[in-house]
Amino acid sequence: MNIFIELWRAILKTTRLPLSISQKFHLIFVLTKLAFLKIVAKKQTPAKVRLFGFEIVNYNYRLLDYLVKEVFVGFEYNFSAKTQKPVIFDCGANIGMATIFFKWLYPEATIYAFEPQTKTFEFLQQNIKNNNLSNVFCYNLALSDEEGTITFYESDSQNLMGSILEDRVVGTKIEVKTKKLSDFITQKADLIKIDVEGAEKLIVKDLVENKLLSKEKIDQIIMEYHHKIPNQKSSMGTFLKPFENNNFEYQIRTDFQQLGIFQDMLIYFF
Numbered sequence: 001m002n003i004f005i006e007l008w009r010a011i012l013k014t015t016r017l018p019l020s021i022s023q024k025f026h027l028i029f030v031l032t033k034l035a036f037l038k039i040v041a042k043k044q045t046p047a048k049v050r051l052f053g054f055e056i057v058n059y060n061y062r063l064l065d066y067l068v069k070e071v072f073v074g075f076e077y078n079f080s081a082k083t084q085k086p087v088i089f090d091c092g093a094n095i096g097m098a099t100i101f102f103k104w105l106y107p108e109a110t111i112y113a114f115e116p117q118t119k120t121f122e123f124l125q126q127n128i129k130n131n132n133l134s135n136v137f138c139y140n141l142a143l144s145d146e147e148g149t150i151t152f153y154e155s156d157s158q159n160l161m162g163s164i165l166e167d168r169v170v171g172t173k174i175e176v177k178t179k180k181l182s183d184f185i186t187q188k189a190d191l192i193k194i195d196v197e198g199a200e201k202l203i204v205k206d207l208v209e210n211k212l213l214s215k216e217k218i219d220q221i222i223m224e225y226h227h228k229i230p231n232q233k234s235s236m237g238t239f240l241k242p243f244e245n246n247n248f249e250y251q252i253r254t255d256f257q258q259l260g261i262f263q264d265m266l267i268y269f270f
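At position 67 of the sequence shown (counting the first as 1) the number is 67 in UniProt numbering, and the numbers step up by one without a gap.
Derived by calculation from the structure, the hints in this document are not laboratory data. Accuracy of the hints is not assured; some may be wrong.
Once the Cα atoms are required to be at most 20 Å apart in a straight line, the calculated EDC-like pairs of lysine to aspartate or glutamate come out as [said to hold, decoys possible]:
no.	residue 1	residue 2
1	Lys-205	Glu-147
2	Lys-215	Glu-244
3	Lys-85	Asp-219
4	Lys-82	Glu-55
5	Lys-177	Glu-122
6	Lys-13	Glu-70
7	Lys-211	Asp-145
8	Lys-201	Glu-146
9	Lys-13	Asp-255
10	Lys-69	Glu-6
11	Lys-69	Glu-197
12	Lys-233	Glu-175
Could you build the full structure based on these sequences and the hints that come with them?
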């Protein structure tokens with residue numbers, strides 16, 4: 001898609017966001033700046049932009065622009081906490097864009113951020129350090145249903161993407177350290193955000209086995225669910241059952257274009 005068509009669509013979405021007029025103008029300015037930088041500075045590494053007072057770096061401007069649109073224009077991780085000091089788990093933190101979004105929403109939040117991919121984790125650490133974000137704890141590991149190691153596929157295409165599923169990523173096969181999310185939940189979680197490219201079933205299995213998938217332990221979950229992964233049978237009904245059994249309601253946000261193809265589904269559990 002043409003860069004300026006993408007920009008125009010993002011601007012239209014921005015005008016409908018629940019932001020002040022000055023915030024909308026600022027976001028539109030940043031989007032316009034990124035559109036031009038994707039053209040004139042596309043090979044610059046690292047790419048850098050200031051957004052709502054945060055300095056954010058990424059591998060290149062294409063990736064940086066994509067994440068700004070996904071998180072700050074898409075507003076996918078917007079949520080209402082019952083406290084000004086929520087406890088948040090960012091599972092699949094990538095470079096920290098969602099973590100920064102959460103700190104923008106709730107400056108006093110405590111955030112635990114998990115990212116297994118080495119280069120991506122370096123950007124995550126840099127973004128936390130550059131913005132002096134307090135009470136943000138970063139872990140270079142994958143979350144699973146058991147502690148140990150797991151085969152991980154790390155992209156070779158400079159898109160900072162990784163997955164435990166070979167069909168999700170074309171790249172290098174490595175081994176990464178795993179831990180259970182349940183080991184980190186020592187108090188009620190106000191939000192758990194999960195975007196782990198196919199490993200969400202393992203995380204949920206761990207929470208169920210350790211009796212943490214309950215409204216008493218977790219207030220809200222925002223999860224990217226990966227549907228119709230190649231060579232895998234559909235199992236969404238089975239996946240949702242533990243949430244229904246533990247009194248979670250849910251809403252599903254997704255697009256549909258063609259039968260039988262991979263589909264990202266954003267599920268809000270509350």
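Against the structure, the hints:
{"no.": "1", "hint": "Lys-205 to Glu-147", "result": "holds, 13 Å"}
{"no.": "2", "hint": "Lys-215 to Glu-244", "result": "holds, 11 Å"}
{"no.": "3", "hint": "Lys-85 to Asp-219", "result": "holds, 14 Å"}
{"no.": "4", "hint": "Lys-82 to Glu-55", "result": "violated, 28 Å"}
{"no.": "5", "hint": "Lys-177 to Glu-122", "result": "holds, 16 Å"}
{"no.": "6", "hint": "Lys-13 to Glu-70", "result": "holds, 11 Å"}
{"no.": "7", "hint": "Lys-211 to Asp-145", "result": "holds, 13 Å"}
{"no.": "8", "hint": "Lys-201 to Glu-146", "result": "holds, 12 Å"}
{"no.": "9", "hint": "Lys-13 to Asp-255", "result": "holds, 16 Å"}
{"no.": "10", "hint": "Lys-69 to Glu-6", "result": "holds, 10 Å"}
{"no.": "11", "hint": "Lys-69 to Glu-197", "result": "holds, 19 Å"}
{"no.": "12", "hint": "Lys-233 to Glu-175", "result": "violated, 26 Å"}
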